[in-house]
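In order, the protein sequences belong to chains A and B.
What the first sequence shows, in my numbering, is residues 17 to 228, in sequence order.
What the second sequence shows, in my numbering, is residues 38 to 505, in sequence order.
Quick caveat, the hints were computed from the structure, so don't treat them as lab data.
Using N, Cα and C, we set each Cβ at its ideal position, and we do this for glycine too.
Don't take each hint at face value.
[As the list claims (entries may be wrong)] Restricting the straight-line Cα-Cα distance to at most 16 angstroms, the calculated cross-link-like pairs of lysine to aspartate or glutamate (EDC-like) are:
1) LYS409/B to GLU456/B
2) LYS54/A to GLU118/B
3) LYS409/B to ASP274/B
4) LYS200/B to ASP312/B
5) LYS200/B to ASP186/A
6) LYS200/B to GLU308/B
7) LYS200/B to ASP49/B
8) LYS202/B to ASP186/A
9) LYS54/A to ASP114/B
10) LYS83/B to GLU130/B
11) LYS46/B to GLU308/B
12) LYS202/B to GLU314/B
[Stated by the list, open to error] In silico negatives: residues of chain A with every beta carbon more than 10 angstroms from chain B:
13) HIS30
14) GLY75
15) PRO82
16) GLU165
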Amino acid sequence: MTTPAFPAGPIRNHRGRGIAVVGADIDTDRIIPARYLKCVTFNDLAVGAFADDRAERAGEHPFDRPEHQQASVLVVNSNFGCGSSREHAPQALMRWGIRALVGESFAEIFFGNCLALGIPCLSAEPSVVAALQEAIAADPAAELWLDLEVLEVELESEFAGVNRWPVHLDPGPHRMLVSGQWDATSQLLANAAALDATATRLPYLQQFAQAA
Amino acid sequence: MSSATLYDKVWDLHRVAELPGGSTQLFIGLHLIHEVTSPQAFAALKDLGLAMARPERTVATVDHIVPTTNQARPFADPLAEQMLATLEANCAEHGISLHGLGSGRQGIVHVIAPELGLTQPGMTVACGDSHTSTHGAFGAIAFGIGTSQVRDVLASQSLAMNKLKVRRIWVDGQLQRGVYAKDLVLHVIRRLGVKGGVGYAYEFAGPAIAALSMEERMTLCNMAIEGGARCGYVNPDQVTFDYLQGRPHAPSGEAWARAVAWWSSLASGTEAVFDDEVRFDAGAIAPTVTWGITPGQGIGVDEAVPTLEQTAPEERPLAEEAYRYMDLQPGSAIAGTPVDVCFIGSCTNGRLSDLRAAAAVASGRQVAAGIKAFVVPGSEQVAAAAQAEGLDRVFVAAGFEWREPGCSMCLAMNPDRLEGRQISASSSNRNFKGRQGSASGRTLLMSPAMVAAAAVTGQVTDVRTLLP
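Put together the whole structure using the sequences plus the hints.
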């Protein structure tokens, strides 16, 4: 399997097979155990994705099941990605092939780390997530269509026909993704003068000379 | 929407610009780095052909991967050695101050920045580590970031951020003897849940908070992230100022009075408006222990593991998963649960007052047969101070191992880890599946004094029964 290109430019939509990892409060230690963090590049992290959970389930974890090897949309439950701030978690998922997530809710740092990679984390009602997870189990080859412009997920399957549900994304991240401005570095560098002005008004950078 | 809180004031002061994408560019006053989450950020900087914006506002140390037994270089683990060598090379190339092993100032990043006086009220503090919330104890807005954001801070000394809501957690009364800041924060997370704080900054306030020492406030803010809140803080007061005065990077001379005046002006005043408020009574909190696989699955040491019927319906699948993983019976008392390993240390509870509280329990007692117990000071300064007052000898006489500073078994990126299904009593911050280095290892979170009590009795024990 060749990994498709990493995200670039505006992220307006995505089409791909789904893969479900079920459970609340799945933390980033589970997404990638700490021993895989002993590295100075992110290049080889795909093997660490859910490594302990996969070993425990001996080939039965969704990330090991043959029918999910082409999947690119990860469907999860609540507070996904809580715990450690390790960007290794979304990096491992991205390098495995994930390009978007749909879930009940996401931990904040994980959400921000995904955003910085151009990977949307779309939230949806628990009933929608349950329906998606069931549909993926019933028909792993079914494709999900994520439309970020209208914030909808559509699933077309042989068995259930076409279903369409609303998803949510906060206005800030939404605009960043669809406009292609999710990679913040160049925007931050564009404001050098304003940055210097801010530093000048911070008392702790001025020996407290401007203190009240 | 909140207004006139410390969070609002510090946010407004550090706001650089509104970005085209809709987020706010926020100036970062203090950037802390370590060996695990920075190498890819430096590599990205190089790929983009960028220099560091303000290298004097970044400070480095090494903590996650260092062994706590033999710290001689090169490390036995070549990957660990490569990570430290990479950090050293990056710091040398960019002119970043690095507090390395043997410098007298090395330690866990969230321990050393406060003790060096780097962390101060009114700053924005960022670090590629979720427990950066610790620094909020000083009235700073401090939060963990990922490696792409580390790159952004290196390049621009700023971040693209979205403003949080502010929830005040007001704590009346006072903690009972044998009940510590760790118990307080485990109790708060138990009540508000591990996702209760998502989207919020937590302001900890009230008489019980005012009575806490700086080290206790650090324990409290450290675990705000375990409740889902990316940052937690305490308004600066005389306790804060007394802690800071005389520290190497704290203002001195005439600047000190001006600093105190400015810091005092930042606290949330009576006019402050919060998005939400929750109240607790400190006096009603017992020593608290986790029984499950998230920090929110905690109970008083005198309680039983909750049954499914006692668990909210939406929490039941996780409770069932926790029963299986932990091999604990719903309805059975947590006190008396046998443990294998006892770990005292981490950015949550590896400071001098933590070691004192644990030593007070260990003193004159012996680690129970078959128990591995060890103490890992949070920094070289903590180690030196503890040795100066003989705490190391108290621990060693009781049968604990006394180690070198580092993150150790909190996350097991070093040789310290659980084996197989071992169960630990741990003063750290996370009881996630596999967190302490064994895919089937089990963790019971508790205060350092409670860990010491578990070590000398071989089981989960109410530390109040061992105090004089």
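Quick rundown of the hints versus the structure:
1. Proposed proximity of LYS409/B and GLU456/B is supported: the alpha carbons are some 12 angstroms apart, at most 16 angstroms.
2. In summary, the hint linking LYS54/A to GLU118/B is supported, as the alpha carbons are separated by about 10 angstroms, within the 16 angstroms threshold.
3. For the hint pairing LYS409/B with ASP274/B, the CA-to-CA distance comes to about 40 angstroms; that exceeds 16 angstroms, so the pair is violated.
4. A distance of roughly 12 angstroms separates the Cα atoms of LYS200/B and ASP312/B; the hinted pair therefore holds under the 16 angstroms criterion.
5. Straight-line distance between C-alpha atoms of LYS200/B and ASP186/A comes to about 12 angstroms, which keeps the hinted pair within the 16 angstroms bound.
6. Pair hint LYS200/B plus GLU308/B does not hold up; C-alpha atoms about 20 angstroms apart against a cutoff of 16 angstroms.
7. Restraint check: the Cα-Cα separation between LYS200/B and ASP49/B comes to about 10 angstroms, which is no more than 16 angstroms; the hinted pair holds.
8. Restraint check for LYS202/B and ASP186/A: the C-alpha separation of about 14 angstroms stays at or below 16 angstroms, so the hint holds.
9. The suggested pairing of LYS54/A with ASP114/B holds, with an alpha-carbon distance near 10 angstroms, which does not exceed 16 angstroms.
10. Between LYS83/B and GLU130/B the alpha-carbon distance is near 11 angstroms, which keeps this suggested pair within the 16 angstroms criterion.
11. Restraint check for LYS46/B and GLU308/B: the C-alpha separation of about 13 angstroms stays at or below 16 angstroms, so the hint holds.
12. Distance hint between LYS202/B and GLU314/B is fulfilled; the C-alpha atoms sit about 11 angstroms from each other, no more than 16 angstroms.
13. Annotated as non-interface, HIS30/A keeps its C-beta farther than 10 angstroms from every C-beta of chain B; the closest such distance is 19 angstroms.
14. Remark: the non-interface label on GLY75/A is consistent with the geometry, its nearest Cβ contact in chain B lying 16 angstroms away (cut-off 10 angstroms).
15. For PRO82/A, the shortest C-beta to C-beta distance to chain B comes to about 23 angstroms, beyond the 10 angstroms cut-off, and the non-interface label holds.
16. The non-interface label for GLU165/A is consistent with chain B: the shortest C-beta to C-beta separation is roughly 15 angstroms, beyond 10 angstroms.
The structure fails hints 3 and 6 (numbered hints given earlier, in ascending order).
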